[in-house]
Amino acid sequence: QKEVEQDPGPLSVPEGAIVSLNCTYSNSAFQYFMWYRQYSRKGPELLMYTYSSGNKEDGRFTAQVDKSSKYISLFIRDSQPSDSATYLCAMSAWTGTASKLTFGTGTRLQVTL
Amino acid sequence: DSGVTQTPKHLITATGQRVTLRCSPRSGDLSVYWYQQSLDQGLQFLIQYYNGEERAKGNILERFSAQQFPDLHSELNLSSLELGDSALYFCASSAPTDTQYFGPGTRLTVL
Numbered sequence: 001q002k003e004v005e006q007d008p009g010p011l012s013v014p015e016g017a018i019v020s021l022n023c024t025y026s027n028s029a030f031q032y033f034m035w036y037r038q039y040s041r042k043g044p045e046l047l048m049y050t051y052s053s054g055n056k057e058d059g060r061f062t063a064q065v066d067k068s069s070k071y072i073s074l075f076i077r078d079s080q081p082s083d084s085a086t087y088l089c090a091m092s093a094w095t096g097t098a099s100k101l102t103f104g105t106g107t108r109l110q111v112t113l
Numbered sequence: 001d002s003g004v005t006q007t008p009k010h011l012i013t014a015t016g017q018r019v020t021l022r023c024s025p026r027s028g029d030l031s032v033y034w035y036q037q038s039l040d041q042g043l044q045f046l047i048q049y050y051n052g053e054e055r056a057k058g059n060i061l062e063r064f065s066a067q068q069f070p071d072l073h074s075e076l077n078l079s080s081l082e083l084g085d086s087a088l089y090f091c092a093s094s095a096p097t098d099t100q101y102f103g104p105g106t107r108l109t110v111l
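Just so you know, the sequences run in chain order G and Z.
Just so we're aligned: 48 in the numbering used here is position 48 of the first sequence, and the numbers increase by one with no gaps anywhere.
Just so we're aligned: 35 in the numbering used here is position 35 of the second sequence, and the numbers increase by one with no gaps anywhere.
By construction, these hints were calculated from the structure, which means they are not laboratory data.
None of these values were measured; they are calculated from a predicted model.
Here a beta-carbon is modelled for each residue, glycine too, at the ideal position from N, C-alpha and C.
Among the hints, a few may not be true.
[Unchecked claim] Derived lysine-lysine pairs resembling DSBU-like cross-links, with alpha carbons at most 35 Å apart:
hint: 1; chain 1: G; residue 1: Lys70; chain 2: G; residue 2: Lys2
hint: 2; chain 1: Z; residue 1: Lys9; chain 2: G; residue 2: Lys2
hint: 3; chain 1: G; residue 1: Lys70; chain 2: G; residue 2: Lys100
hint: 4; chain 1: G; residue 1: Lys67; chain 2: G; residue 2: Lys100
hint: 5; chain 1: G; residue 1: Lys100; chain 2: Z; residue 2: Lys9
hint: 6; chain 1: Z; residue 1: Lys57; chain 2: G; residue 2: Lys67
hint: 7; chain 1: Z; residue 1: Lys9; chain 2: G; residue 2: Lys42
[Unchecked claim] If you want the footprint, here are the derived chain Z segments under chain G, 3+ residues with CB under 8 Å:
hint: 8; segment: 47 to 58
hint: 9; segment: 99 to 111
Please work from the sequences and hints to get the whole structure.
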């Protein structure tokens, strides 16, 4: 079993839709949770970073963490064609000087006009 | 722009050859991480350096090695290259209690 599970998609939605992306994890030591956006053949770009259960909002993006269920989500409101990308969840357990990230496999999102 | 730079952007080489990929972290970041991303796989963690010392190792092949220099830039050396080594190689950097910021990557093609 992988430490982090993420539905690979692809997920296709019309412009303006609300998108929900999800990851589950099995390692209870994970303390930090991130969402990265990766456009084709580009470096992953950090979107959201949180370390507590609950919701964190940034513009059209909301990250949700439920540590009791080992489940994280990213919601995108009013989705735009420019949101078309692969979204990667990532998690880490801080160990002093090492914060190795464990990534999900990524969900490919396509927002259509 | 994340502040992490990687060179070269593209590299085409032949099987059996050796290449060196270079990464400069964000100003002030002491940690550097290397990842491999193939078409059929996600981001695979290779190795981490913190202030010149190796801190964590992932699925890095013995043919691959890395180092971090006193000016904190890092190099990933790939030797005896095989077709299957063709991939995107990303470098990321972080401050001690911060998350990782990725560079634009080096696309390696082994022919």
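Going through the hints against the structure:
no. : hint                 : result
1   : Lys70/G <-> Lys2/G   : holds, 13 Å
2   : Lys9/Z <-> Lys2/G    : holds, 31 Å
3   : Lys70/G <-> Lys100/G : holds, 18 Å
4   : Lys67/G <-> Lys100/G : holds, 19 Å
5   : Lys100/G <-> Lys9/Z  : holds, 24 Å
6   : Lys57/Z <-> Lys67/G  : holds, 27 Å
7   : Lys9/Z <-> Lys42/G   : holds, 11 Å
8   : 47 to 58             : holds (count 5)
9   : 99 to 111            : holds (count 8)
Comparing the model with each numbered hint stated earlier shows that all of them hold.
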